[in-house]
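Taken in order, these protein sequences are the chains called A and B.
Quick note: to get our numbering, add 4 to the position in the first sequence (first position is 1).
Quick note: to get our numbering, add 4 to the position in the second sequence (first position is 1).
Simulated from the structure, these hints should not be mistaken for laboratory data.
Honestly, I wouldn't trust all of these hints.
Only part of the chain A face toward chain B is listed, based on derived beta-carbon distances under 7 Å [unchecked claim]: (1) L13; (2) A15; (3) I17; (4) A37; (5) V53; (6) F58; (7) R60; (8) D117; (9) T119; (10) G120; (11) E132; (12) R133; (13) P147; (14) A149; (15) Q152; (16) G155.
Every residue gets a Cβ at the ideal spot worked out from N, C-alpha and C, and that includes glycine.
There are 2 protein chains.
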Amino acid sequence: MGRMGEFELLARIRERLPASGPRTHVGSGDDAAITVPGGATATSVDALVEGVHFRRELAGPAQIGHKALATALSDLAAMGAEAGEAYVVLGLPPDFGEEECIELLDGMAALADRTGTDLAGGDLTRSERLFLAITVVGHASNPEALVQRAGARPGDALVLTGEIGGAAAGLALLDNPQLRTDFVFSGATEGEKTKSVMEELVARQLEPMPRLVAGRALALAGATAMIDLSDGLGADAGHLAQASGVKLAIEAAAVPLASAAVALSEATDRVPWWLLGGGEDYELLASIPPGRLERASEAVGNGGTALTQVGEVQAGSGVEIRLPGGRLLEPAGFDQLA
Amino acid sequence: MGRMGEFELLARIRERLPASGPRTHVGSGDDAAITVPGGATATSVDALVEGVHFRRELAGPAQIGHKALATALSDLAAMGAEAGEAYVVLGLPPDFGEEECIELLDGMAALADRTGTDLAGGDLTRSERLFLAITVVGHASNPEALVQRAGARPGDALVLTGEIGGAAAGLALLDNPQLRTDFVFSGATEGEKTKSVMEELVARQLEPMPRLVAGRALALAGATAMIDLSDGLGADAGHLAQASGVKLAIEAAAVPLASAAVALSEATDRVPWWLLGGGEDYELLASIPPGRLERASEAVGNGGTALTQVGEVQAGSGVEIRLPGGRLLEPAGFDQLA
């Protein structure tokens, strides 16, 4: 956009930003935002590019804004950090108008509001394709209060928040009109119920919620290592296993799958295990000594999220997923199930 | 790029990153970087997009990496902050290979090293066009130690670090082969000297240096407001005037112009004042009470940079630039001089 267009749009954006957070002294509008962190910070950056991470024909501007901030905040959840500030870079193509830009920012601001995140600064630029780059800063009283990927020890329980598979099922529905038709005519669910199941799955794909409350509860309860599931259970378990220098043994039957996703799988004659290969659920996978498991479940449950033991940490390396009946699945083998 | 390509490239990148800085507990590779700021932070984000902010036919990968980090750090310089951490998002097109990516990061890492900046994290993505989004975090003992755009008071002196016009002259040389030819044949300078003048101007455009040391010296000496010159003297003075609610009166004859840029102007029959309209010099414009001017000049000079009074702060609004002979120039009128 031209410089004047940029300044005017920036002025409109500033009007819509939530009030500054508790640590923010100077927000958007100066050369830099000024904050007083007061402890340790966790900082993560995430970029989303049209055609790579999202498609504008499938996701509205508000959903794109929501998801970009959600995936960034999910990295803070995976450290057990409190959400603090977000800094937003938008690359705006000529066919993405000012109103769409405001919608995108409103979607982002709504999630910022829900999660106590301060949209403290940003930059706008022209671009051929829409892109977003989001930096989020989270806080903790000290570095030791944050949970890294390294730290899982043999004997630890492996736990998962919420349920997975919903985002993959939602993407399949968005991608494949035939799948929607098959599901509707399968008779697995009826009328309004079918619609709400499909909406739930699509929302899970387009508007994920970062598990910030659960992440802090797990950190407080004594999780030894943690990661968020963006690439998929097998791939992200692999990152945690590698960083910790351990093996993760996962029981597929123990993994909580989204019931709507299972209903879709059954109605369309797919084995539900294909859902294990899906990414973008943004649930948290953590290791925790068995003696702290009960306290962790209660703390995470108090925040409204289930916590399920899905396996254990063993000496060794890599990830092993055991299907019912005893067949072992390598994470790289998920594709065979899809 | 494919996920495996991304992981491999990330591994190569991590090998090349400078050692972690004093505040960084966990750098690149976990869900987030962990730092312990210990005071106030200044955070700024900047995006550079191919075809908008740079052209790959004019700037090499190392220069693109340098300039992206330099422009981000310049915002910290303008607050008087100490450089801390940088987080780098790269959008990589198919025709930008792994070697070019490493060159780009080497250019960035060299500047990071010179300025004491820790490259603490980042994200890679595919993109049709090359883009960079850089978040920089600077530090100060407390929020009051940082200098904002607001704060200039009538009676303050208006000072400028270094000299300006070089970046605009460099861009003109890059853009216009005829200008290079005219300059060579003007006889204004000879042989090797001509070459070194042109190289100096091009470097000023492609590899600007953020004035971090001067910015901290000005903050310590008691600057009341400060901004870096990215859009140009008139435009950026306008931002400072607006934020402070004052008028800035600038004497054009007092503005230090890069001698190489003046030589180019003279050799090609342009009035040197067109240089005032150029951006991207990344010098600092600050207001300071006259009683602190000597101390500020000495402190900035000790860091190897000149400090020049170019005008004063007055009651009122806007920016007034007085040309020799008394003609007043509106910042919007720079184009008439070009």
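Hints, verified against the model:
With a least beta-carbon distance of about 14 Å to chain B, the hint placing L13 of chain A at the interface is violated under the 7 Å criterion. About 11 Å separates the beta-carbon of A15 of chain A from the nearest beta-carbon of chain B, more than 7 Å, and the hint is not met. Taken as an interface hint, I17 of chain A does not check out: its beta carbon lies about 14 Å from the nearest beta carbon of chain B, beyond 7 Å. Given the 7 Å rule on beta carbons, the hint for A37 of chain A holds: about 5 Å separates it from the nearest Cβ of chain B.
Given hint, V53 of chain A at the interface with chain B, holds; its Cβ is 5 Å from that chain's nearest Cβ, closer than 7 Å. Taking 7 Å as the C-beta contact cut-off toward chain B, the hint placing F58 of chain A at the interface is violated, the least distance being around 12 Å. Proximity of R60 of chain A to chain B is violated relative to the hint, the smallest CB-CB distance being about 14 Å (cut-off 7 Å). Taking 7 Å as the C-beta contact cut-off toward chain B, the hint placing D117 of chain A at the interface is violated, the least distance being around 20 Å.
Interface hint status for T119 of chain A: violated, as the beta-carbon distance to the closest one in chain B is roughly 15 Å, over 7 Å. Interface restraint check: G120 of chain A against chain B, minimum CB-CB distance 17 Å, threshold 7 Å, status violated. For E132 of chain A, the interface hint holds, the least distance from its beta-carbon to any beta-carbon of chain B being 6 Å, beneath 7 Å. A hinted interface residue such as R133 of chain A counts as satisfied when its beta carbon comes closer than 7 Å to some beta carbon of chain B; here the least separation is about 6 Å, so the hint holds.
Hint status for P147 of chain A relative to chain B: holds, with the closest Cβ pair at about 5 Å, below 7 Å. At about 10 Å, the closest approach between the beta carbon of A149 of chain A and any beta carbon in chain B exceeds 7 Å, and the interface hint on this residue is violated. The beta carbon of Q152 of chain A comes within 5 Å of a beta carbon in chain B, closer than 7 Å, and the hint placing it at the interface holds. This hint is violated: G155 of chain A has a C-beta 10 Å from the nearest C-beta of chain B, more than the 7 Å allowed.
The structure does not agree with the numbered hints 1, 2, 3, 6, 7, 8, 9, 10, 14, 16 stated previously, though it agrees with the rest.
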